[in-house]
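Protein chains: 2
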Amino acid sequence: MKPADDSLRPWELEKSEPGPDLKVFKSRFDWRINPRNRHRLKCLVLESRDWVNIVARTPEKEIVLVKQFRFGRGEVSIEIPGGIVDAGESHAAAARRELREETGFEGENWSYLGASEPNPAILDNLCHHWFVDGVVRRHETEFDAGEDIVILKAKEDEVKKMISRGLLRHSLVLVALGRVITLPPIAALP
Amino acid sequence: MKPADDSLRPWELEKSEPGPDLKVFKSRFDWRINPRNRHRLKCLVLESRDWVNIVARTPEKEIVLVKQFRFGRGEVSIEIPGGIVDAGESHAAAARRELREETGFEGENWSYLGASEPNPAILDNLCHHWFVDGVVRRHETEFDAGEDIVILKAKEDEVKKMISRGLLRHSLVLVALGRVITLPPIAALP
Numbered sequence: 014m015k016p017a018d019d020s021l022r023p024w025e026l027e028k029s030e031p032g033p034d035l036k037v038f039k040s041r042f043d044w045r046i047n048p049r050n051r052h053r054l055k056c057l058v059l060e061s062r063d064w065v066n067i068v069a070r071t072p073e074k075e076i077v078l079v080k081q082f083r084f085g086r087g088e089v090s091i092e093i094p095g096g097i098v099d100a101g102e103s104h105a106a107a108a109r110r111e112l113r114e115e116t117g118f119e120g121e122n123w124s125y126l127g128a129s130e131p132n133p134a135i136l137d138n139l140c141h142h143w144f145v146d147g148v149v150r151r152h153e154t155e156f157d158a159g160e161d162i163v164i165l166k167a168k169e170d171e172v173k174k175m176i177s178r179g180l181l182r183h184s185l186v187l188v189a190l191g192r193v194i195t196l197p198p199i200a201a202l203p
Numbered sequence: 014m015k016p017a018d019d020s021l022r023p024w025e026l027e028k029s030e031p032g033p034d035l036k037v038f039k040s041r042f043d044w045r046i047n048p049r050n051r052h053r054l055k056c057l058v059l060e061s062r063d064w065v066n067i068v069a070r071t072p073e074k075e076i077v078l079v080k081q082f083r084f085g086r087g088e089v090s091i092e093i094p095g096g097i098v099d100a101g102e103s104h105a106a107a108a109r110r111e112l113r114e115e116t117g118f119e120g121e122n123w124s125y126l127g128a129s130e131p132n133p134a135i136l137d138n139l140c141h142h143w144f145v146d147g148v149v150r151r152h153e154t155e156f157d158a159g160e161d162i163v164i165l166k167a168k169e170d171e172v173k174k175m176i177s178r179g180l181l182r183h184s185l186v187l188v189a190l191g192r193v194i195t196l197p198p199i200a201a202l203p
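Protein chains in written order, with the working numbering: chain A, 14 to 203; chain B, 14 to 203.
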């Protein structure tokens with residue numbers, strides 16, 4: 014608890030090797046040396062491009078939501094639009110592209126909400142959060158064979174109800190929404 | 014955009030098989046059928062026990078933080094205490110145990126802040142968020158050979174500064190803290 018305790022040292026990287034193929038991630042094992050005791054640890058790292066997600070609000074003050082079946086939880090999930098930044102693409106451009114591709118909405122009034130870490134213990138990437146106000150639907154959506162998405166629009170109060178009821182609880186979506194609206198308590202589970 | 018569009022169907026599970034060994038996760042591949050077009054998709058699922066994290070506040074209104082080197086990002090990260098729920102353990106018990114083990118702090122005045130999904134696209138688990146007020150340090154910490162942790166205490170204003178400066182940006186930590194304090198804008202990166 015003393016100031017001197019605050020000087021935490023990085024762990025030396027001894028070696029690194031590719032891990033198993035995971036389709037959406039490249040996995041890798043790093044061997045790190047604990048600076049406290051020189052203990053050697055084999056650490057899993059999932060390598061991923063950065064992600065983006067977008068709080069898009071219409072002139073009627075409705076937030077654009079996407080509803081899709083999510084394979085990790087095996088459940089339908091309500092989220093804001095988002096996706097993966099392409100190689101050579103800025104996260105600003107990725108946010109505009111993902112919003113257009115996933116929902117058909119476009120807007121001009123963009124502001125950056127900052128970045129958070131999806132999981133610094135395992136993942137090496139960031140998620141960039143964007144806000145765009147006054148969006149209108151200008152395009153039809155075109156989904157990949159591997160997608161089935163329903164687009165919703167909801168007023169701030171309805172979004173809060175979805176959160177309170179546990180219908181909308183993707184952590185990265187909550188982080189982005191929390192920059193734009195005041196979040197209610199998350200649904201409590203037993 | 015019509016009400017009828019809102020009836021999103023779950024994807025039929027065709028088969029499931031174990032994936033490569035990842036140490037901290039069990040991985041699995043599910044074959045799902047897209048209800049829209051009967052397209053068959055091989056989906057990665059990382060199986061994990063539920064996680065917990067804890068906003069612990071001292072009688073002096075300081076929040077207990079842990080600073081550790083995180084292998085995914087390869088950086089030192091400032092977070093709230095947290096960890097994995099053990100087999101047969103309730104998340105309420107796990108929150109108390111993780112706080113005690115990681116920081117030596119204990120308290121009686123616990124409230125559940127609800128659960129969020131770390132990543133419903135890939136992970137099958139939840140993260141349970143807990144708040145405990147009036148904690149005091151009753152134990153020495155005992156770290157595993159594979160841990161090197163520094164404990165900090167910070168007033169609400171200091172925590173907000175850490176977030177603004179991008180020193181504290183683990184998404185699950187932001188979700189938990191956002192239930193207890195009003196979060197400032199996240200640090201914006203270029």
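Careful: at least some of the hints might be erroneous.
No copy is singled out in the list; a pair is fine if it fits within one copy or between any two copies.
[To be verified] Once the Cα atoms are required to be at most 16 Å apart in a straight line, the calculated EDC-like pairs of lysine to aspartate or glutamate come out as:
hint	residue 1	residue 2
1	39	119
2	55	157
3	174	161
4	80	114
5	55	161
6	74	161
Since the hints were derived computationally from the structure, they do not count as laboratory data.
Now the hints, each set against the structure:
Proximity of residue 39 to residue 119 under the C-alpha cut-off of 16 Å is found in neither arrangement, the shortest distances being 32 Å within a copy and 40 Å between copies. For the identical chains of this complex, residue 55 and residue 157 are inter-copy neighbours only, at 14 Å across copies versus 37 Å inside a copy, given an alpha-carbon limit of 16 Å. Taking the shortest Cα distances, residue 174 and residue 161 never come within 16 Å of each other, neither inside one copy (24 Å) nor across copies (41 Å). For a Cα distance limit of 16 Å, the shortest separation of residue 80 from residue 114 inside one copy, 14 Å, qualifies, whereas the shortest one across copies, 39 Å, does not.
Taking the shortest Cα distances, residue 55 and residue 161 sit within 16 Å of each other only across copies (15 Å), while inside one copy they are farther apart (38 Å). In the homo-oligomer, the alpha carbons of residue 74 and residue 161 never lie at most 16 Å apart, since the shortest distance is 26 Å inside one protomer and 47 Å across protomers.
Violated hints for the displayed structure, listed by number in ascending order: 1, 3, 6.
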